[in-house]
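Could you build the full structure based on these sequences and the hints that come with them?
2 protein chains.
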Amino acid sequence: MTIRELDTPAMLIDMDRLEANLDRAARYASSHGLRLRPHTKTHKSPLVGRMQLDRGACGLTVAKVGEAEVMADDTVPNLLIAYPVWGDAKWTRLVGVARRTPVSVALDSTEVAEGLKRHAARAGVGIGILVETDLGMRRCGVAPGKRLLELARAVTRMPPLRLEGLMFYPGHVNLATDDGEKALQRLGSDLAGILDDFRRDGLPTDTVSGGSTPTLYESHRVPGVTELRPGTYAFNDRTQVAAGACGFEDCAATILTTVVSTPRPDRAVIDGGSKTFTSDSMRPIGQDGFGQVVGMPGIRFARMSEEHGVLDLRGHEGPPLRIGDRLRVVPNHVCVAVNMHETAHGIRGDSVERSWAVEGRGKLQ
Amino acid sequence: MTIRELDTPAMLIDMDRLEANLDRAARYASSHGLRLRPHTKTHKSPLVGRMQLDRGACGLTVAKVGEAEVMADDTVPNLLIAYPVWGDAKWTRLVGVARRTPVSVALDSTEVAEGLKRHAARAGVGIGILVETDLGMRRCGVAPGKRLLELARAVTRMPPLRLEGLMFYPGHVNLATDDGEKALQRLGSDLAGILDDFRRDGLPTDTVSGGSTPTLYESHRVPGVTELRPGTYAFNDRTQVAAGACGFEDCAATILTTVVSTPRPDRAVIDGGSKTFTSDSMRPIGQDGFGQVVGMPGIRFARMSEEHGVLDLRGHEGPPLRIGDRLRVVPNHVCVAVNMHETAHGIRGDSVERSWAVEGRGKLQ
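Quick mapping for you: the protein sequence lines, in order, are chains A and B.
Just so we're aligned: 361 in my numbering is position 361 of the first sequence, and the numbers increase by one with no gaps anywhere.
Just so we're aligned: 576 in my numbering is position 211 of the second sequence, and the numbers increase by one with no gaps anywhere.
Don't read these hints as lab results, they were simulated from the structure.
Heads up, a few of these hints could be off.
Claimed, not checked - Residues from chain B that keep clear of chain A, each with C-beta distances beyond 10 Å, as calculated: (1) Leu377; (2) Ser395; (3) Arg420; (4) Gly637.
Said to hold, decoys possible - With the Cβ distance kept under 7 Å, some of the chain A side facing chain B (calculated, not the full set): (5) Asp7; (6) Ser31; (7) Pro84; (8) Ala89; (9) Ser109; (10) Gly141; (11) Pro263; (12) Lys275; (13) Asp280; (14) Asp312; (15) Leu313; (16) His316; (17) Ile323; (18) Val336; (19) Asn339; (20) Glu342.
Unchecked claim - Label pairs and their calculated CB-CB ranges: (21) B:Thr367 with A:Thr110: 26 to 32 Å; (22) A:Ala89 with B:Val659: 19 to 25 Å; (23) A:Ala89 with B:His585: 58 to 64 Å; (24) A:Ser31 with B:Gln652: 44 to 50 Å; (25) B:Glu707 with A:Asp266: 36 to 42 Å.
For every residue, glycine included, the Cβ atom is placed at its ideal position computed from N, Cα and C.
As structure tokens, then:
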């Protein structure tokens, strides 16, 4: 089958680029003695998870129990649920996953720990725990200091929970900005302080899990980090290009679209909008537009509604677009874009090598 | 079953409010002699479509052939595909739908008309056509004038296509702004000019389809409009409240979430982010935040990542939030939010009256 035979919009994954992206991160991690536990939120597919494990990943990361259920099987060495899982319904399902695959959970409260402990004890399964600290992201995580240590100590008194170490998310560090380098150094010194405290208290630091795609290849400069948890690196996207983390030639995921309307010479409409790409914008990093049309740098993906993508052609050079033309577009944010598609198509050149269901899509719970 | 038994995040639809919203629009349309052909993009569910038809809707509107396939059945009087459908694969499927249910298609090019004609002729089915004109939305649609008339005339020469009239989308008219009233009047005079041209040429004006939710109840002020195509009005959302189209008490759809982290007194994290709500922002209309927490006006839904919603509690009055608390949130844009959920739960008070699959979800093609 060739790309020409696919209807649009369709999520295409360039397998050569995907493999190169996975290989590069695997080599980096291995050469620095770091473990790689990729976040599967980007691809939501056991097939790509398997490719990551085959390249030496120590396990896989998920956000939701529903994603863990999709990813878990006998051949996955372990799953990290990097999310404070709450409630009897989810704890019951989580323990079900832990019966098949070793599971660790990141949390930032004794409330979550106590619920997990209760369910794990009843089921007779151990669960690894990472306590989450906030090193500047201002999302989840206990700030470094007394409360963080108290939480870690509390977990050590809650078998069958098993404290394994620490998790943080450096998503606030943008090395493309002037403040990025400073933020990375502050993160390193905050982490060093925490690790000193942990060691002084005899708390485990076997796993210190950090690292997201934008800072992936700087992870060795943060002493104490043992494990990386990037997701986007598998596919990359327009945001990562803007952040300097990769080039467009490293973007494995493109959305194949069709021009369905050319109402004026300076405007074309493609058959995908916010229900195909999502409306994730790049305004927070000072760029506009909703994606990059491959090979047509003069086209601005100016606006979108749910099913319409409006292209501003005023800067376009080359032959005018015609109805029926097919354009491939690098999305702003690939993790949310893949989640809009029931199927992903792995391509090499013009061939569709294999198509797979995005099995973790929409697993909100 | 009660709401308490649902896991989160979950899409709740208040049936009393839904019914009231549907009733109000049906009464308005009927009292002004206007037909209502609601856009199902908002609910993507045959069950809600049936409720609309039971209240006198003349048919249903969809954007994609995949949505038409979900909505079509023997009891639906007709479907309008308000989208320039392109390509053999989609035309083949569209003709398949037209064998079960009368179908009309809106288009703005002879290219699309010719493809449809070819497939309709081969299958021996008639297809109604609305030509789409652009009255200020700057998306699809031929500008009023010579080219629009030429397109309409061309369609009359393409049996088994059957020209029925005209479609426009007034999504650019925001009556909450100073320019809104002017935009509505300009739209009316542009439309009057087109209708004069159509009548002079003997082209049909039986169907003049306009009307989206924000301007729904002003539609009678645009002479010549025969049919309304609102979608959002069924559920409403924070954007419609900001546009003055409804109040929060008219918002039927809320997302039930759980507080999973309270890392600081001024911050809580709920278990839904852009993969639950989408990242549709209200910045274009000058408001910030990603949703409104019901009953807690002082909470600002400040930031989100894929699975985290970060609440700024600095303005919150009342007891502090605790892990495990459940919050209901009115989304910024309900049409894209519903599309993120596999299931919607129809509630009355605290009871879950019935749950249904969002069958049109993710039908991108």
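Now for the hints, and whether the structure bears them out:
1. Leu377: 13 Å, holds
2. Ser395: 28 Å, holds
3. Arg420: Its Cβ never comes within 10 Å of chain A, the nearest being 24 Å, so this holds.
4. Gly637: 7 Å, violated
5. Asp7: At about 4 Å, which falls below the 7 Å cut-off, the nearest Cβ of chain B leaves the hint on Asp7 (chain A) intact, so it holds.
6. Ser31: 30 Å, violated
7. Pro84: Hint holds; Pro84 (chain A) Cβ to chain B Cβ min 5 Å, cut 7 Å.
8. Ala89: 4 Å, holds
9. Ser109: 6 Å, holds
10. Gly141: Where the cut-off is 7 Å and the nearest Cβ of chain B is about 6 Å from Gly141 (chain A), the hint holds.
11. Pro263: 6 Å, holds
12. Lys275: 6 Å, holds
13. Asp280: 5 Å, holds
14. Asp312: At about 10 Å, which exceeds the 7 Å cut-off, the nearest Cβ of chain B leaves the hint on Asp312 (chain A) violated.
15. Leu313: Result: violated, 13 Å to nearest chain B Cβ.
16. His316: 17 Å, violated
17. Ile323: 4 Å, holds
18. Val336: Hint holds; Val336 (chain A) Cβ to chain B Cβ min 6 Å, cut 7 Å.
19. Asn339: This hint holds: Asn339 (chain A) lies near chain B, its Cβ roughly 6 Å from the closest one there, short of 7 Å.
20. Glu342: At 5 Å from the nearest chain B Cβ, Glu342 (chain A) passes the 7 Å test, so the hint holds.
21. B:Thr367 with A:Thr110: 26 to 32 Å: 28 Å, holds
22. A:Ala89 with B:Val659: 19 to 25 Å: 22 Å, holds
23. A:Ala89 with B:His585: 58 to 64 Å: 49 Å Cβ-Cβ, so the 58 to 64 Å window is violated.
24. A:Ser31 with B:Gln652: 44 to 50 Å: 48 Å, holds
25. B:Glu707 with A:Asp266: 36 to 42 Å: 40 Å, holds
The structure does not agree with the numbered hints 4, 6, 14, 15, 16, 23 stated previously, though it agrees with the rest.
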